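*Asks:* Since chain A is already given, all that's left is putting chain B on it; use the hints.
Listed below, chain by chain, are the residues.
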Amino acid sequence: MHKYLDAFLRNIVRPLLAVLVALVIGALVILLSHQNPWEAYNKMLFGAFGNFNRIAETLERSIPVILAALGTAVAFTSGVFNAGVEGSLYLGAFASFLVGYELTLPAIIHIPLALLGAMLVGAAWAFIPGWAKAYYKADETVTTILLNYVAVLITSYLVAIPFKDLTAGTQQTPAIHPSAYLPRFLPPSRVHIGLFIAIGVAIFLYWLLRRTTLGYNIRIVGMNGSFAEYVGVDVPRTMIKAMLMSGAIGGLAGACQVMGILRRFVDGFSPGYGFEGIMVALLARNHPLGIILAGLFYGALQTGAAYMDRTTAVPKELLNSMVAVIIFFVTAEGLFAFLESSEALREKLRRWHILKGHGGKGGLNNGFPG
Amino acid sequence: MDFLASVFNLSLLVAGIRIAIPILLAGLGGLFTMQANILNIGMEGMMLFGAWAGVVVSYLTGSVWLALTAAVAVGLLAAMIFGLFGVRYKCNIIVAGMGLNLFGAAFTMYLLRSIFHTRGSLSDPRISGVPTLNIPVIEGIPIIGPLLSGHSILVYVAFLLVLGVHYFLYRTPTGLRIRAVGEHAEAVKSVGVDPGRIQFLAVLISGAFSGLAGAYLSLAQLRLFVENMVAGRGFIALAAIYFGGGTPVGTMVAALIFGLAEALSLRLQTLGYPSQFMLMIPYVVTVTILIIVSRLANMPRRLKVPGAVEEVSMK
Chain A
24 MHKYLDAFLR NIVRPLLAVL VALVIGALVI LLSHQNPWEA YNKMLFGAFG
74 NFNRIAETLE RSIPVILAAL GTAVAFTSGV FNAGVEGSLY LGAFASFLVG
124 YELTLPAIIH IPLALLGAML VGAAWAFIPG WAKAYYKADE TVTTILLNYV
174 AVLITSYLVA IPFKDLTAGT QQTPAIHPSA YLPRFLPPSR VHIGLFIAIG
224 VAIFLYWLLR RTTLGYNIRI VGMNGSFAEY VGVDVPRTMI KAMLMSGAIG
274 GLAGACQVMG ILRRFVDGFS PGYGFEGIMV ALLARNHPLG IILAGLFYGA
324 LQTGAAYMDR TTAVPKELLN SMVAVIIFFV TAEGLFAFLE SSEALREKLR
374 RWHILKGHGG KGGLNNGFPG
Chain B
530 MDFLASVFNL SLLVAGIRIA IPILLAGLGG LFTMQANILN IGMEGMMLFG
580 AWAGVVVSYL TGSVWLALTA AVAVGLLAAM IFGLFGVRYK CNIIVAGMGL
630 NLFGAAFTMY LLRSIFHTRG SLSDPRISGV PTLNIPVIEG IPIIGPLLSG
680 HSILVYVAFL LVLGVHYFLY RTPTGLRIRA VGEHAEAVKS VGVDPGRIQF
730 LAVLISGAFS GLAGAYLSLA QLRLFVENMV AGRGFIALAA IYFGGGTPVG
780 TMVAALIFGL AEALSLRLQT LGYPSQFMLM IPYVVTVTIL IIVSRLANMP
830 RRLKVPGAVE EVSMK
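So the sequence lines, in the order shown, correspond to chains A and B. Throughout, my numbering is defined as the position within the first sequence, counted from one, plus 23. Throughout, my numbering is defined as the position within the second sequence, counted from one, plus 529.
Source of the hints: derived by calculation from the structure; they are not laboratory data. Note that the structure is a prediction, hence the values are computed from the model and not measured. C-beta atoms are modelled at their ideal positions from N, C-alpha and C, and glycine is treated no differently. Be a bit skeptical, because a hint or two may be false.
Unchecked claim - Calculated cross-link-like contacts (lysine-lysine; reagent style DSS-like; alpha-carbon spacing at most 27 Å):
#1 B:718 to B:619
#2 A:160 to A:264
#3 A:26 to B:619
#4 A:379 to A:26
#5 A:371 to A:26
#6 B:619 to A:371
#7 B:619 to A:160
To be verified - With the Cβ distance kept under 7 Å, some of the chain A side facing chain B (calculated, not the full set):
#8 164
#9 222
#10 226
#11 227
#12 231
#13 357
Said to hold, decoys possible - Simulated restraints, written as ranges between beta carbons of each label pair:
#14 B:657 to A:336: 29 to 37 Å
#15 A:227 to B:644: 55 to 63 Å
#16 B:800 to A:136: 33 to 41 Å
#17 B:650 to A:208: 55 to 63 Å
#18 B:760 to A:184: 50 to 58 Å
#19 A:184 to B:594: 56 to 64 Å
#20 B:675 to A:183: 47 to 55 Å
One chain only, chain A, in its complex shape:
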């Protein structure tokens, strides 16, 4: 009966409340450092959406975050905590560079081929922890985080020795062929068609998870592994399939940065898109379409904070601290539990004597935490 209200409370009100709490804490911190929070937040808002260039920068920043979050979310949905999208992203980015640099083809073939290469390599990388988790129950959080370091080191070696651009001062490769560039469509900004790829992947995932057998299997494996096994789902294979998709999408995120923005591979190019993806997936509760919104929100926060950093005395690092606060408050199951369902909310309101009824002890949901 209260299905939509409950979903609204859980998916909209809770994240908004978390953001609000973070904004208030952030404002207090700004005040304590003798700055004006109102001005800082205004600059942040302007920095994210103030004019065409600002909006374009927000979009540009969101592309890898949305893709990384989608990659993370598929694995999360199957119950595998894949913290290794960053690794797939690096290796996928390098694969797209290799295809873009070593081959000369017409753009219509070159671009898909480079993207495909990135997806294959990203998927292959995610296969290792996925397989270890599915068949041996090796803790995937630890393996994926450790493998991230390995992936970054592999690409770091490749950039430093075999593929180094000797004319450049920094550790980077030569440029890929223009036929492998992802077209940009909002000149003079760098927003490229990766934006549509990201939206396309989100819609595809939404469809896959809701409308196909594989998607259904992924979801029930994530919700309850033993139940899934009981009803005859091949749990390990489903987990591995989800991890392969996760890695492939991670690879795509890396390819978008190489082919759309950098046009070469640069050592350590990611400021942690993989981890940002985890945060965004959590904010959106793994909902593929929600991730588009949450990713845009995250991109806006980052560009807005960078602008605030340049125009006020408030450093942008404040923002990432606030993101951490948001994450804490969104995911704390026991803290805002009364925002989970309308019944729990009403019970809470009764206990606060805002709603009439038998509040206090002995209420309907007396044992409910929070």
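*Replies:* Relative to the frame of chain A, chain B by itself:
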């Protein structure tokens, strides 16, 4: 032979020990959380806060002992955030850890920029480092002297703590309770002990150790604070725990192996060899061992956080 002699020598061992200490300290703390069935991803953030507090207090007061105390206290504070959200308010424990790491990286930078108006690092002659200890008699002995003497005091503290942690975990009632929570939380509950409190205690202990580990980085190794100076050592410490089979002595051995591998890679780098492959060794070895160990199915029950994954998955 010249090559081997120039790479494998006494100073490599000494460097290996020094690099291993922060991993060992954090690993010893992480043992408590691991034994209490909590996957402590947040050590990275706790270490960073510890490193930051150590440098700031040393800079302000000039007293390294106050600085170390502050590092431990701030490590505890960071652990409290982790425990509050991860244990008390039932955030997914992995998410709480990652949140804390993000918070540590961002907030220390923020404080650095808004208080000291510097970017990247804080170094000053006023920052006093942890003194070194020359052991009389032993320091004169060749080979053993340089190996055992002349280290930072924290190095000796770390090795003493290996014994201390072993004693605490296996010989005291609280240690027993921590291990019991990891083995079977329901059983602990049935005898009237709140598993949540025990887990919170384990988190706090890991915070104190991580704070000290961070202070080692900033006050014993470098005498300055650099953004993100922990650089994954919290995760390596986690790896060392797994690698060492979840025991204090095993963790020590693992930390020393990791320290040697890094010392070796640094040495090879200065000689012009690609260091990346050496740096990979600890991670690759750990992942391999983790898979093998999981296959043998000795550890997964204790290391798996019940309900952790389910909470994240789509509702």
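*Asks:* Indicate, hint by hint, whether the structure satisfies it.
*Replies:* Checked hints:
no., hint, result
1, B:718 to B:619, "18 Å, holds"
2, A:160 to A:264, "16 Å, holds"
3, A:26 to B:619, "24 Å, holds"
4, A:379 to A:26, "23 Å, holds"
5, A:371 to A:26, "18 Å, holds"
6, B:619 to A:371, "19 Å, holds"
7, B:619 to A:160, "23 Å, holds"
8, 164, "5 Å, holds"
9, 222, "20 Å, violated"
10, 226, "17 Å, violated"
11, 227, "17 Å, violated"
12, 231, "13 Å, violated"
13, 357, "4 Å, holds"
14, B:657 to A:336: 29 to 37 Å, "30 Å, holds"
15, A:227 to B:644: 55 to 63 Å, "47 Å, violated"
16, B:800 to A:136: 33 to 41 Å, "40 Å, holds"
17, B:650 to A:208: 55 to 63 Å, "41 Å, violated"
18, B:760 to A:184: 50 to 58 Å, "22 Å, violated"
19, A:184 to B:594: 56 to 64 Å, "46 Å, violated"
20, B:675 to A:183: 47 to 55 Å, "33 Å, violated"
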